[in-house]
Every structure is written in structure tokens, then in C-alpha cells.
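Novice: Residue-level listing of the chains:
There are 2 protein chains.
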Amino acid sequence: MTVTFVEARVSDVRFPTSRLLDGSDAMNPNPDYSAAYLELMTSDGEVGHGFVFTIGNGNDVQVAAIEAHLPLVIGRDVDEVLADMGGFSRGLVGDSQLRWLGPEKGVIHMAAGAVINAVWDLRARRAGVPLWKLLADLSPAEIVDLIDFRYIADALSKDEALRILEAGLDGRADRERLLLESGYPAYTTTPGWLGYSDEKLAALSSAAVDDGFDLIKLKVGADPAGDHRRLGIARDTVGPDVKIAIDANQVWGVADAIRSTNALAEFDPYWIEEPTSPDDVVGHATIRKGVAPIKVATGEHAHNSIVFKQLLQLDAIDILQLDATRVGGVNENIAIVLLAAKFGVPVCPHAGGVGLCELVRHLSMFDFLAVSATLEDRRIEYVDHLHEHFTDPVVIRTGRYVTPTAPGMSAQMHDASLAEFIFPTGAAWTTDRTAEGARHE
Amino acid sequence: MTVTFVEARVSDVRFPTSRLLDGSDAMNPNPDYSAAYLELMTSDGEVGHGFVFTIGNGNDVQVAAIEAHLPLVIGRDVDEVLADMGGFSRGLVGDSQLRWLGPEKGVIHMAAGAVINAVWDLRARRAGVPLWKLLADLSPAEIVDLIDFRYIADALSKDEALRILEAGLDGRADRERLLLESGYPAYTTTPGWLGYSDEKLAALSSAAVDDGFDLIKLKVGADPAGDHRRLGIARDTVGPDVKIAIDANQVWGVADAIRSTNALAEFDPYWIEEPTSPDDVVGHATIRKGVAPIKVATGEHAHNSIVFKQLLQLDAIDILQLDATRVGGVNENIAIVLLAAKFGVPVCPHAGGVGLCELVRHLSMFDFLAVSATLEDRRIEYVDHLHEHFTDPVVIRTGRYVTPTAPGMSAQMHDASLAEFIFPTGAAWTTDRTAEGARHE
Chain A
1 MTVTFVEARV
11 SDVRFPTSRL
21 LDGSDAMNPN
31 PDYSAAYLEL
41 MTSDGEVGHG
51 FVFTIGNGND
61 VQVAAIEAHL
71 PLVIGRDVDE
81 VLADMGGFSR
91 GLVGDSQLRW
101 LGPEKGVIHM
111 AAGAVINAVW
121 DLRARRAGVP
131 LWKLLADLSP
141 AEIVDLIDFR
151 YIADALSKDE
161 ALRILEAGLD
171 GRADRERLLL
181 ESGYPAYTTT
191 PGWLGYSDEK
201 LAALSSAAVD
211 DGFDLIKLKV
221 GADPAGDHRR
231 LGIARDTVGP
241 DVKIAIDANQ
251 VWGVADAIRS
261 TNALAEFDPY
271 WIEEPTSPDD
281 VVGHATIRKG
291 VAPIKVATGE
301 HAHNSIVFKQ
311 LLQLDAIDIL
321 QLDATRVGGV
331 NENIAIVLLA
341 AKFGVPVCPH
351 AGGVGLCELV
361 RHLSMFDFLA
371 VSATLEDRRI
381 EYVDHLHEHF
391 TDPVVIRTGR
401 YVTPTAPGMS
411 AQMHDASLAE
421 FIFPTGAAWT
431 TDRTAEGARH
441 E
Chain B
1001 MTVTFVEARV
1011 SDVRFPTSRL
1021 LDGSDAMNPN
1031 PDYSAAYLEL
1041 MTSDGEVGHG
1051 FVFTIGNGND
1061 VQVAAIEAHL
1071 PLVIGRDVDE
1081 VLADMGGFSR
1091 GLVGDSQLRW
1101 LGPEKGVIHM
1111 AAGAVINAVW
1121 DLRARRAGVP
1131 LWKLLADLSP
1141 AEIVDLIDFR
1151 YIADALSKDE
1161 ALRILEAGLD
1171 GRADRERLLL
1181 ESGYPAYTTT
1191 PGWLGYSDEK
1201 LAALSSAAVD
1211 DGFDLIKLKV
1221 GADPAGDHRR
1231 LGIARDTVGP
1241 DVKIAIDANQ
1251 VWGVADAIRS
1261 TNALAEFDPY
1271 WIEEPTSPDD
1281 VVGHATIRKG
1291 VAPIKVATGE
1301 HAHNSIVFKQ
1311 LLQLDAIDIL
1321 QLDATRVGGV
1331 NENIAIVLLA
1341 AKFGVPVCPH
1351 AGGVGLCELV
1361 RHLSMFDFLA
1371 VSATLEDRRI
1381 EYVDHLHEHF
1391 TDPVVIRTGR
1401 YVTPTAPGMS
1411 AQMHDASLAE
1421 FIFPTGAAWT
1431 TDRTAEGARH
1441 E
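Just so you know, the sequences run in chain order A and B.
Each step along the first sequence adds one to the number in our numbering, with nothing skipped, and position 271 is 271.
Converting from the second sequence to our numbering requires adding 1000 to each position, the first position being numbered 1.
The hints are simulated quantities; they were obtained by calculation from the structure and are not laboratory data.
Among these hints, one or two may not hold up.
[Claimed, not checked] Some chain A residues judged to face chain B by a derived CB distance under 8 Å, without partners named: (1) Thr54; (2) Ile55; (3) Asn57; (4) Pro103; (5) Gly106; (6) Ser139; (7) Ala222; (8) Ala225; (9) Gly226; (10) His228; (11) Arg229; (12) Gly232; (13) Gly253; (14) Ser260; (15) Asn304; (16) Leu314.
[Unchecked claim] Restricting the straight-line Cα-Cα distance to at most 16 Å, the calculated cross-link-like pairs of lysine to aspartate or glutamate (EDC-like) are: (17) A/Lys243 <-> A/Glu266; (18) A/Lys158 <-> B/Asp1256; (19) B/Lys1243 <-> B/Asp1210; (20) B/Lys1200 <-> B/Glu1067; (21) B/Lys1158 <-> A/Glu266.
[Claimed, not checked] Label pairs and their in silico Cβ distance ranges: (22) A/Ser43 <-> B/Thr1431: 30 to 36 Å; (23) A/Ala263 <-> B/Asp1079: 38 to 44 Å; (24) A/Gly87 <-> B/Ala1255: 19 to 25 Å; (25) A/Val3 <-> B/Ser1197: 39 to 45 Å; (26) A/Asp415 <-> B/Ile1074: 34 to 40 Å; (27) A/Ala203 <-> B/Glu1166: 51 to 57 Å; (28) A/Ala263 <-> B/His1414: 33 to 39 Å; (29) B/Ala1141 <-> A/Ala167: 55 to 61 Å.
We put the beta carbon where it would ideally sit given N, CA and C, even for glycine.
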């Protein structure tokens, strides 16, 4: 009997993180980490999960955008969709009326990505394997069929992608064994939120080193004196051998970015992240020349593979920070990983938020197994909050992501979490805020 | 007594244009031209109007995004807001939680633009002048205060903008007289929709020349043989002296764009519009080199001033096609007009759609009076549908936009149009589609 997609539920889930300034930075002083969360049900009782990470207001708009894509999937034959994920992805991203609202950017593109990711979650669950394993076991030909090369072929042709993937077959079994034994390198942003006190910064930096991390990240860009003081505290705390990345979250213009980054050079920052608008590929190229040897990193807000293509073509970045829910889902992220490999730039994904760590580890592990074939200069971001709401949460051991083995993309939240944090009717939003804040302390 | 913004109504208005293939092109085969339409009411009974143009599905998402911005304006002091439109605009675009959903792009940015435009409409109504006049009469210092220079200062500093505007004071009274006497040049896209028959194309091309237009535009990119045939028909019809622009609506990659455009060179196309993704500033630079002397035009989907900045920095376009509802409203479009002037690139706005002609003439007229001070190589797009729904519709006379004199930004729709075309409950959507289509023929 034909199995079809029969219904979907899209939920507005918000966590009141602004009460503790978790996640605070120069651009985002008081985020409430949120997810527009999709459960996509099949007629045989299976569920695929996907979501878009947002930071509060507007999460309802993201929910509406996901709902706008549902007519493109509800009623369709599940086996047919799963057998042609390239065509499915192109159909969603290319729907002409919805595409007008992007194109391929912002709310509408992230919504398509959530649907595409939910279907990947379902496919991996059906196959009984974690997504990283499902993807890595596809043939090079199957993988390139997932990708829309239209707007990236001038930088990466289908043939070039095939050759990269074919080269990646070498030694794959050994790499998979290594991955299962010792995981994937991580770095931590937990110490560095801008709203934390100097004491909390020092204590968490010290704890991060004790926990085995060899790179921590600090938010900068709110005020120069504060940046100087905080970076000094962190450097004194971790010593000269632990890397410290800094992250301005787009608050600077091009000239400011160069001046402000160089003003912190004495503390040997490893990379400057989001020095300016993610749309400014030309500006990033200028900044990179202006701050070398400090590296330039960006990508969490780079809205599609076309932006990443240009950052690479212009030699504008040293580190590519893809995000699991910013672009058009797994398919586009595979294209981005291949673009990075073509240009020899390491992928260090953005994570944190809600569930981003859970999702993105699958992409980095696929990258290691099937594409880049190396861990050198690679680390996945790690932030230690909100994992308890996921059924397959990340596990970190001595500064590394433990390789997940549960089937799927790890996108599922606990029902109890959904119930508590649904906005605005969940208990987290209806109980007294002061009492709630105190309880969370 | 303090006047405040007291309430707002946001409407999902859709016109069933797909029934006749008006607006059909290679990327958008069956658009239903739509508007997410905002009416913003003050406590003294005035109303400001703004909207975002979309092409059907997803218009409800755009409505939700406008609604998400209302808490940032409802309750505020109208006089204070109107007196600091720069600050108001930066506050809306920079709201950190909403900004995360862009940043400064797509659904969320267009929504901010609709609110900002509605407030400009109100300000011009209160002043009793059309928007072009209100803007042109601001001092250079007042105009630069409207602009957020953070991400564009490396290409256009505040001082440079001031100097351009000060130079624009020369001869302004003469230009205003000229504008009121003879209007602003237009070109027409009416003949060239891809869904039209060859006979309709020829008849409408001929009619366009008779109506006084010296440039018509044809959609291309669906199939090479069809493009060749249709462009041949148009050239035969209009003769060698009328310019023919062609528009691919982003269907090509970079190499395809160069090849496909050059394959039509024998018909002497004036510009190739949207040859590839609007995000690909590097690709546009490559295409421009590859198709010269055919000009390259883009902008209707360029999502903010940062994209335009880079198109100009990379010498990637010959014609800048700003759109009245794609970016963050009047303020950002003023920045874009100034960027174009700095780089000596003519602005030929995108129009058509729903109400875009009505809005954008104000920006081009401001450009002529206060910034570029010339009409050379400038034309505003014109398409002859849906104007009857606006209270201050465009008037075209011998191929030129007649200069509007009614107070405001011309963004208001007739109540009867709203009632008929509101989706999905208006009569246009509840009556039988076949009968409706027949009636419209």
C-alpha cells in the first residue's frame, strides 16, 4: 500500500533565555532561543522532525512560512519523495510563488530547509541509521544528484563535485572507525556571552580548559574597552596555548572591523567571526586582508550556497561556518561542504541555539567521512544549554562530540518540552516571570 | 494633545492574474499578483498606507511578518516618529529578535519596509505634498540622517553623500518645473510576457511604439528557440530605433547567461535583466564582461543596500533597478539612489506588480530633483495592469509618467478593491474560476 505524508504540526516553541542573558552578544542583547518546529507524519505512523532556530519575536512568522510549504508535501508518496530527495528539494526551493519572497533567503528559505530536513530525518529513521551514516554511505553519483548546481557551477561543477567525492572513498572505513571511537573536535562558546560578569567569564573559561577544549570563543563588539578587558581576562585564564576566537555578530562596518580586530591583536585571537554584514562578500575580502594573520570566519547568517560560493571565490574567509537551519536544508549544506572542499577552506559549523549542535554534527561527520577526509582545523561549535529538550542530545567528552548512533537527524524534541515551552500558552510563559527566573538561577 | 499610532490593519490582497498569464516569465509561470497591505491609523483619524508586493502563495506569511512589526509602532507618538524617520527606520530594521530572521533580507526586511513606507505616506499626507516633493525639499543634512551608513560607508561615506546632495541643489527649481510639465521617462513590459502568443506580442509591441515608448522589454529564458523567434518578431515590429531590453528572471547560471545573451545579440538587445541569481554579485561582474556591449541590469530582487553596494563596487551592472517594496523602505532606497549616483550608474526602477509603478515614481523623481539631476538613460518600468485599484494611480502620457501631485506615497487602494480581492474570502476568490477567467478575457 502506498504510504503518504498525511499531516503535519508546526509549533512555536520558545525558551526564556533572555532572563539569564544566555546567548547575549553585541547584536543580540536579549534573545529568547526559539524553534519553529515541524513534525511531519506519514500514513504508516512515522514522523520526520525539522525546525528553524530563531531568537524570539517572529518565531510565529517562521511557523507560518513552514505551514505555507506543507501543501507541497502533504499527500505525496513517501517512497517517491525519499527516492528523489534532489528533485524534492528543488521543487520546494523553486516553487515560484513562494520563491518570490526570498529568493532563496530568509524566512521562506529557512522554512523550505525545515521541511527538507524533516524528510531527511524520516529517511534516516526508516533506514535505521544516523543521518551522517546515511549520507556518507550514498554513492558519489547519488550525492551530486541531491545538489542544485545552477548558481554554483561557475565555482564547482558537477564533475568536480564527483571527483571530490570519489577521492573521499579512500580510507573511509578507517575514518568511520576513528569517528566512532573518538568523536569529532568541538570548541565552546559557553564562557563568552557578553552579558556575563568578568567572574563568570573567568570561571567558565577555566572550566572549558579543564573540560578538554582547545578553543573558546568570546563575544566582542559592544564596547572597545570592555572587549580589551574581557579578552585579557580570558587569555590570562587559559594561557597562551588555548585558542581564543572572537565574534562580533555583524556589529561593525568594514573599516571598523579591521580597526577593532587589530586593536585586540595583542591577545592573539584565532579568528574574528562575523566582523560585518554576512551579505558583504566584498567587505569580508577587504577585512581578511586587513586583519591577517588573524583568520576571518563567517557563515551562520550566510543565507545560501551562492553567498558561500562568492566568499570562497574572493578568498574572503579562512573558516566556513555553515548553519543547519539557515539554508535550504541538508541538500544545500552538502553543496556548501563540497564548495569548501573545492577551495580548501575548513568547515567549522555554527551551533548553539536550540538544537543546532544536535543537527550539525551530522553534517560535519559526513564532511569528514565523504568530503574533506580530515579533521585538521575543524571544530564544531558547542554551547551547553537546551540539549535536555532533545531525545538524542549531544554528548561531549574531553572537548569532542561523541558520534551519535540513534537513527535520524536528532531533530526530535521531548513532548514534555514542547508542552512546557510552547508560546504563549506553555507553562514557561504563563507562570510568573520573576519566580521562573529565580528557579532557573 | 499627543497623537499616537493606535491600530493597524494588515490585509492579504490577491489578484487572480494567473488566469490570463499576465506577468508570466521563465521563473514565474503563473503569478497571482498580490499585496500584503498595511493601513496604519493614528489617534487623530489619519491613515498611512504601505504594502509588500508578492505573487500569490506566501502572501499570508508576509502579512504575519508585517504584523510582527506592529508592536514597534503602535502606541508611539506620531510627531516624534515623523521627526526622526532615520531613528525610526533603524529601530525597525535593527530589532534584534526580528533581525535574526533576515538579517535585512526577505520576508522580514520587506515587512519593515512596508511599515516604514506607511509612515512616509502619512508624513507626506500630513504635509499635503506628494512624497517626491517632501523628500526633495529636505535639506542634505536631513536626508543623510535618514540613512544607516554602517554597512555601506566603505563605498559611500556620509560626507560623500552630503556632497552629492549639495551639488543636487543646483538647478533644482528648473528640474521641478520640467518634471511637472513633461513627467519622467517610462518603458513598457506590457508586450513581453512569456505566456503571450506571438500575435499578441507583435500587436502589443506595435501599440507600445504608437503610445510613445522608446524601450520595450521581453521576457526570455524559457527556451532558446522561442527567445530567438520572439525577439525577432519584436525587432521586426518596432524597427531598429526602439530599444528592446530582455529579462531572464534569474533562470540562468553564469556561463549560461553569457552564452544565452550573446546568442540573441543579432537583435541588438539593450540590456539583459536578472541574468542570474540576484545574490551573485561576483557572477554579475563576470556576466557583464562576457556580454558587453549589451548592458547588465538587476535589482528587483537585490535584498538590501549592501548587495547594491557590491554590484557597484565590482562594476557588475550598467543599470540599477531598485524596487519600492523589496528593501527596507524609503530610507534604504534613498541610500541606494545615492550609491548609484556615487558610482555613476543610472537608476531604472523595477515596477509593474501591484502598485509598484505608483510607489516608485516618487523615488525616481526624488532622484532626478535631488541626487542625479539628470534623466539621461533613466526610465521607470511601466506595466498597464491593476492601477485601477489605487486611489492615486499612475498616468502615462506619450511614454512618460505624469508627475503625481496628490499628497502621500500613492500607496492607498480603493476600499472596494480590498473587499473584492481579499484572500480567500473576497468575491474574486469565491466566485467560479472558469466564469471569472472568461469575464476577464
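Novice: None of the hints should be skipped; say for each whether it holds.
Specialist: Status of each hint after checking the structure:
At its closest, the beta carbon of A/Thr54 sits 6 Å from a beta carbon of chain B; the interface hint therefore holds under the 8 Å criterion. The beta carbon of A/Ile55 is positioned within 8 Å of a beta carbon in chain B (closest approach about 5 Å), and the interface hint is therefore held. With a cut of 8 Å, the hint placing A/Asn57 at the interface with chain B holds, because the nearest CB-to-CB distance is about 4 Å. For the restraint placing A/Pro103 at the interface with chain B, the shortest Cβ-Cβ distance is roughly 6 Å, inside the 8 Å limit, so the hint holds.
At about 2 Å, the closest approach between the beta carbon of A/Gly106 and any beta carbon in chain B falls short of 8 Å, and the interface hint on this residue holds. At a threshold of 8 Å, the smallest CB-CB gap from A/Ser139 to chain B is about 25 Å, leaving the interface hint violated. Given hint, A/Ala222 at the interface with chain B, is violated; its Cβ is 12 Å from that chain's nearest Cβ, farther than 8 Å. The beta carbon of A/Ala225 comes no nearer than 21 Å to any beta carbon in chain B, farther than 8 Å, and the hint placing it at the interface is violated.
Checking A/Gly226 against chain B by beta carbon gives a least distance of about 18 Å; that is not within 8 Å, so the hint is violated. Taken as an interface hint, A/His228 does not check out: its beta carbon lies about 22 Å from the nearest beta carbon of chain B, beyond 8 Å. Residue-level restraint check for A/Arg229 is violated (minimum Cβ-Cβ distance to chain B is 24 Å; threshold 8 Å). The restraint placing A/Gly232 at the interface with chain B is violated, with a minimum CB-CB distance near 27 Å, outside the 8 Å limit.
Interface hint at A/Gly253: satisfied, since its Cβ lies 5 Å from the closest Cβ of chain B, which is below the 8 Å cut-off. For the restraint placing A/Ser260 at the interface with chain B, the shortest Cβ-Cβ distance is roughly 13 Å, beyond the 8 Å limit, so the hint is violated. Among the interface hints, the one on A/Asn304 holds; its C-beta lies about 7 Å from the nearest C-beta in chain B, closer than the 8 Å criterion. Interface hint status for A/Leu314: upheld, as the beta-carbon distance to the closest one in chain B is roughly 7 Å, under 8 Å.
With a CA separation close to 13 Å, the supplied pair A/Lys243 and A/Glu266 stays within the 16 Å bound. Taking the CA atoms of A/Lys158 and B/Asp1256, the gap is about 15 Å. The hint holds against a cut of 16 Å. Among the hinted pairs, B/Lys1243 with B/Asp1210 is consistent with the structure: their alpha-carbon atoms are about 14 Å apart, no more than 16 Å. For the hint linking B/Lys1200 to B/Glu1067, the alpha-carbon distance of about 41 Å lies beyond 16 Å, and the restraint is violated.
About 32 Å separates the Cα atoms of B/Lys1158 and A/Glu266, which puts this hinted pair outside 16 Å; it is violated. For the hinted restraint 30 to 36 Å between A/Ser43 and B/Thr1431, the CB-CB distance of approximately 35 Å keeps it satisfied. Range check, A/Ala263 to B/Asp1079: Cβ separation about 41 Å, and the 38 to 44 Å hint holds. A C-beta distance of roughly 23 Å is found between A/Gly87 and B/Ala1255, which places it inside the suggested range of 19 to 25 Å.
The hinted range of 39 to 45 Å is satisfied by A/Val3 and B/Ser1197, whose Cβ atoms lie roughly 43 Å apart. For A/Asp415 and B/Ile1074, the Cβ-Cβ distance of about 36 Å falls inside the hinted range of 34 to 40 Å, so the restraint holds. Look at A/Ala203 against B/Glu1166: about 55 Å separates their beta carbons, and that is inside 51 to 57 Å. Taking the beta carbon of each, A/Ala263 and B/His1414 are about 58 Å apart, not inside 33 to 39 Å as hinted.
Distance hint check: the CB atoms of B/Ala1141 and A/Ala167 are about 60 Å apart, consistent with the given range 55 to 61 Å.
The structure does not agree with the numbered hints 6, 7, 8, 9, 10, 11, 12, 14, 20, 21 and 28 stated previously, though it agrees with the rest.
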